[in-house]
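Chemist: Quick mapping for you: the protein sequence lines, in order, are chains A and B. Residue 714 is where the first sequence starts when you use our numbering, and the numbers rise one by one after that. Residue 13 is where the second sequence starts when you use our numbering, and the numbers rise one by one after that.
Please keep in mind that the hints were generated in silico from the structure rather than gathered at the bench. Fair warning: this is a prediction, and the values are worked out from it, not measured in the lab. This list has only true hints and no planted wrong ones.
To give an idea of the interface, some chain A residues facing chain B are shown, with a C-beta separation under 10 angstroms as derived from the structure:
hint, residue
1, Ile717
2, Ser766
3, Lys808
4, Tyr813
5, Phe817
6, Gly818
7, Lys819
Backbone N, C-alpha and C fix where the C-beta goes; we use that ideal spot for every residue, glycine too.
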Amino acid sequence: AQKITQTQPGMFVQEKEAVTLDCTYDTSDPSYGLFWYKQPSSGEMIFLIYQGSYDQQNATEGRYSLNFQKARKSANLVISASQLGDSAMYFCAMKRGSNYKLTFGKGTLLTVNP
Amino acid sequence: DVKVTQSSRYLVKRTGEKVFLECVQDMDHENMFWYRQDPGLGLRLIYFSYDVKMKEKGDIPEGYSVSREKKERFSLILESASTNQTSMYLCASTRQSYNSPLHFGNGTRLTVT
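Can you build the whole structure from these sequences, using the hints too?
Modeler: Rendered as structure tokens:
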């Protein structure tokens with residue numbers, strides 16, 4: 714069963730604008746962690762931001778923030794002031810269970826236009 | 013910095029060959045993972061290991077096996093390579109905590125002809 718759903722295969726945004734990448738998840742575990750990764754065309758996987766299931770506040774890391782809505786089981790990534798270098802694949806992932814298994818969504822390809 | 017090293021960046025093998033993909037991490041992480049990445053399908057978990065000699069199937073284990081004899085090394089084995097196993101293979105490691113991110117290797121692009 715699909716545990717992580719990213720419904721946007723591709724997104725376009727103008728440089729300097731904000732963009733939201735959607736992620737919903739499914740788990741019955743009370744404890745879990747949510748992660749976002751960036752994969753540029755070079756192929757490396759870059760960790761961006763983390764949100765814990767018990768965290769009261771939304772996570773922020775520089776221009777990245779996570780809109781965490783626990784009741785709706787969503788963990789959307791918000792990128793403010795987009796830059797050309799933000800063009801990449803973005804993956805949402807969830808770590809859950811006693812063995813901390815980590816499952817990824819299918820990704821969203823973000824293109825930032827000048 | 014955590015380093016996850018995959019033994020080969022590119023690999024070309026023939027159908028039916030036995031293939032070994034090696035991964036080594038240097039940060040004493042308990043968990044190690046093997047994913048394959050295909051366009052439009054994202055990263056799919058093949059196997060992961062949460063301790064030496066311990067393993068658990070991921071979402072697509074068929075046609076693969078793994079070995080973890082030492083904590084720092086996690087091997088993916090294709091017993092009899094097939095063309096549908098042509099893919100990018102990514103190894104990763106992490107601590108056993110919810111807030112520890114995965115650290116990835118640079119990937120192995122395997123082509124089976």
